[in-house]
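Each residue of the sequence shown is one higher than the one before, counting from 1 in my numbering.
The hints are simulated quantities; they were obtained by calculation from the structure and are not laboratory data. Do not rely on the hints blindly, as some may be mistaken.
Cut-off 25 Å, straight-line C-alpha distance, at most; resulting in silico cross-link-like pairs (BS3-like, lysine-lysine) [what the hints assert, rightly or not]:
1. Lys201 to Lys169
2. Lys198 to Lys171
3. Lys201 to Lys171
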Amino acid sequence: MAQLFEIGRPVLPVQTQRYQSIPPVLIKVQHTANMAFFRRLVKYAVSISEQYSAIPIIVIFCIHGVSQDFNKLTSNCDSLPSCDHFEMAKQILLEDVVNESERKRAMDCLDNGIRLICEIAENHGIDSQRTSCSTPPAVASSSNHSNGVKVLRSRNERDWAFADDFRRKSKRMNWEACFVSGSSQGYFSTFNNAQAAKANKFESVNETLTPGSMSVH
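Using the sequences and the accompanying hints, generate a full structural model.
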């Protein structure tokens, strides 16, 4: 069962009756690993060892960088497989990501996932002290959610009608020009840029595309 370790609030899964032979595992996601972080790790390990009478396994996910001093304490291990998906997540989620729309969409998905997990924990009476989730806001009723989806879908349909009209008048589609023109008239309010609007347009067409339908250009 996962238990929250209070210092710095990393996650500490500890052994249950079924897994008595497995030591506690401290999981920590760290932006930058340096000597100050290493000293905190030592405190974590000592406290865990005193509480559970076992030396813990510590798993660190460093998402940005490692200081030179800290790096001297480590060694390369070529036998470990590369974390391709983790590297992809870093490129999308870091603050300095090039494609802002991709990062925003990924963050929205993560936020929705965290809210869902917190809702499940709350519905099953899981103690909030044992999770790193704060209490989620009240979940909208299904009717409110359905109405919100209908409003968003109706708004997007107006956006696509404007885009189709723009393409017919221009003879050749220019999404940047279309987005600027539409935004000045109140369209595309749910999108950050032309690329996001274009991607969503393709997605909506793919969902409804039938044999013989015309593709989007």
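Results for each hint:
no.: 1; hint: Lys201 to Lys169; verdict: 18 Å, holds
no.: 2; hint: Lys198 to Lys171; verdict: 17 Å, holds
no.: 3; hint: Lys201 to Lys171; verdict: 18 Å, holds
Consistency with the previously given hints is maintained throughout, with no hint failing.
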